[in-house]
Amino acid sequence: MIAGDGAALDARVRELLGGKVSAREILDRGLIAGMEVISDRFKTGEVFIPEVLLAARAVNEVLEVLEPHLAGEKQQETSRVLIGTVKGDLHDIGKNMVATMLRGVGFEIRDAGINVASEEFVRQAEEYRPHILAMSALLTTTMPEMKKVVDLLARKGMRRSVRVLVGGAPVNRKFADDIGADGYAPDAGEAVAVARDLVASPS
Amino acid sequence: MTTHKERMLAAMRGEMVDVIPFVPRLDLWWLANSLGGTLPQRYREMTHDQIAQANGWALYKMVPDFASVISGPEDILHRAIGLYRFRQAVYRWDFGGDVEVRVEGEGGQQRVEYRTPRGTVSTLGGLSEEMKRAGASLGWTQEHVIKQPADYEVIGYIFEHIEVRPNPGNFLAYAREVGEDGVIAAGGPSLAASPMHHIQKEFLDPTRFFFEYQDHYGLMRNLAERITPYFEKVLGAIADSPAEVVLWGANYDDMLTYPPYFEREIAPWLARAAETLGARGKLVATHTDGENRGLMDLIRDSGVHVAESVTPHPMTKVDIAEYYSRWRDKLTIMGGIPECVLLEETASEEEFEAFLDHLFESVAPGDRLILGVADSVPPHAVFERLVRLGERIESEGGLPLAAGAARTISKQRLEEVAVRISTPSATP
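Protein sequences, first through last, are from chains W and F.
In this text, residue positions in the first sequence follow our numbering: the first is 1, and each later residue adds one.
In this text, residue positions in the second sequence follow our numbering: the first is 204, and each later residue adds one.
For the record, the hints were derived by calculation from the structure and aren't laboratory data.
It is possible that part of the hints are untrue.
[To be verified] Listed next, the in silico EDC-like pairs over lysine to aspartate or glutamate satisfying Cα-Cα at most 20 Å (straight line):
(1) W/Lys-174 x W/Asp-151
(2) W/Lys-43 x F/Glu-333
(3) W/Lys-148 x F/Glu-548
(4) W/Lys-148 x F/Glu-333
On a predicted model such as this, the values are computed, not experimentally measured, just so you know.
Put together the whole structure using the sequences plus the hints.
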């Protein structure tokens with residue numbers, strides 16, 4: 001998995017399932033634990049973003065093998081993230097990387113795409129009920145859209161149930177604090193750690 | 204009297220100049236505010252160059268002004284395969300071989316189809332009025348050209364048949380227009396530094412690039428080799444041109460162009476461009492805008508003469524003091540002021556002033572430095588901060604700076620001095 005070898009990982013997972021290892025154990029002790037190793041190595045500079053993305057892709061592929069088995073086991077709730085780039089902004093590099101990395105460490109992701117209006121973010125949040133709403137902006141002109149989303153969530157009475165995470169090149173801690181976001185991540189690697197903190201800490 | 208151009212070229216060569224040059228990039232700020240009707244009243248009838256001149260600033264002409272093309276929208280029609288015709292080019296390229304281009308749609312969303320004997324590829328994208336108002340001058344690629352393995356062959360055919368010929372006419376006319384008010388950088392083959400970087404920047408979305416680099420490395424390597432002749436032809440045309448400064452490659456980020464990749468795929472071409480063009484007396488700049496933390500030594504040692512659009516902390520992880528101390532021996536730093544300090548949303552007045560205090564304290568003795576806003580002055584910038592920036596550079600940027608000696612002269616201190624020097628008995 002750490003080598004991003006999807007075929008080898010697939011074979012190993014099927015072997016373990018055949019050996020009566022539970023799908024939940026494979027997921028928790030194998031895949032998610034492995035992604036945590038990768039995340040730690042990424043933070044310390046031992047591996048780079050391609051390795052993280054390749055490992056995350058391999059994990060996502062074998063999740064399809066595990067899912068039928070997981071359905072038969074007692075379900076644990078997975079943390080859900082609704083992610084998108086704000087209205088007026090078509091940049092998706094950072095957003096896609098964050099989505100891939102979060103998915104790789106076990107978050108369930110709904111990608112709202114790019115150029116997402118505040119009303120659409122909130123509509124999808126009402127429908128999907130995410131634990132985290134993550135927003136990205138690359139343009140200084142589109143950053144204010146993030147505040148519109150935070151304000152609209154508040155008006156809809158959803159601020160206590162949805163944690164807001166923001167990022168993107170022009171965004172900084174001051175801006176995140178000023179608009180009332182719960183978390184700020186300067187890059188995709190940091191986003192994983194911040195997202196985990198957000199779901200672990202009560203609102 | 205030293206002109207802006209003379210001062211900038213001297214700083215790029217590493218010579219000590221009289222005052223730190225200040226060259227703010229205004230084109231995107233101007234475009235957004237001009238279209239939105241929000242230019243400051245006093246600038247309503249002015250171009251961005253006239254606004255810079257009115258404030259005594261040098262004209263920024265490093266990254267091409269994509270809003271000011273040669274003949275019309277067709278000059279940026281092939282943006283999604285990384286080919287442009289802009290005023291800063293000293294060459295002209297044309298499709299060779301048997302390539303038929305078909306276009307559907309207009310400006311905001313165009314499908315461009317390339318039909319060749321090896322197959323057909325297409326892109327989808329464009330530049331809408333809404334995007335321009337948001338400060339964009341370059342279109343968005345909604346659908347990249349590589350969609351399946353067979354597309355590599357088609358793109359290879361297109362690029363290996365591109366014809367390049369010297370054509371410095373537009374560049375020279377532009378240079379006459381700018382005169383001594385700035386330095387025009389001649390554009391390289393694209394916004395990428397190398398053929399593989401070109402594939403990464405233009406042909407696939409970044410995440411998919413990394414997957415393809417793993418899954419179809421052979422196809423990708425072969426394509427890079429087929430793009431190489433185009434890069435070589437452009438390099439030759441620039442070497443023979445009258446350009447004094449060349450912009451070669453753009454955007455280095457330690458996540459996207461991670462260190463081993465940069466070393467393998469980008470640095471050799473930066474070195475080649477710097478060596479070839481340097482031998483012909485030209486200075487090579489590269490647009491480093493991005494997170495450079497993991498690339499500091501690699502960029503410094505790449506051989507280029509100018510790191511253009513250096514974006515320091517708080518927009519990235521590298522402080523301006525570190526940039527200056529690690530790069531000054533080999534590179535001239537251009538930029539150095541992150542755009543976020545010009546925004547009310549991300550920096551208070553106190554934080555803005557504190558950044559400038561820190562800047563002046565960090566860049567002694569101040570040579571090898573051309574200050575500007577990286578990557579560009581943002582559309583919502585507090586323009587008075589830009590004016591203040593120019594004033595502080597003028598009053599505190601005289602060289603050589605003494606380390607830690609630069610301080611803002613307070614209004615009270617200025618008034619005290621004014622009173623003292625206007626009192627007749629104070630002097631014999």
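Quick rundown of the hints versus the structure:
1. W/Lys-174 x W/Asp-151: Between W/Lys-174 and W/Asp-151 the Cα gap is close to 17 Å, so the pair holds against 20 Å.
2. W/Lys-43 x F/Glu-333: Violated, at roughly 38 Å.
3. W/Lys-148 x F/Glu-548: Satisfied, since the Cα-Cα distance of roughly 14 Å is no more than 20 Å.
4. W/Lys-148 x F/Glu-333: Holds, because 18 Å separates the two Cα atoms, which is no more than 20 Å.
The structure fails to meet hint 2 from the earlier list, while all remaining hints are met.
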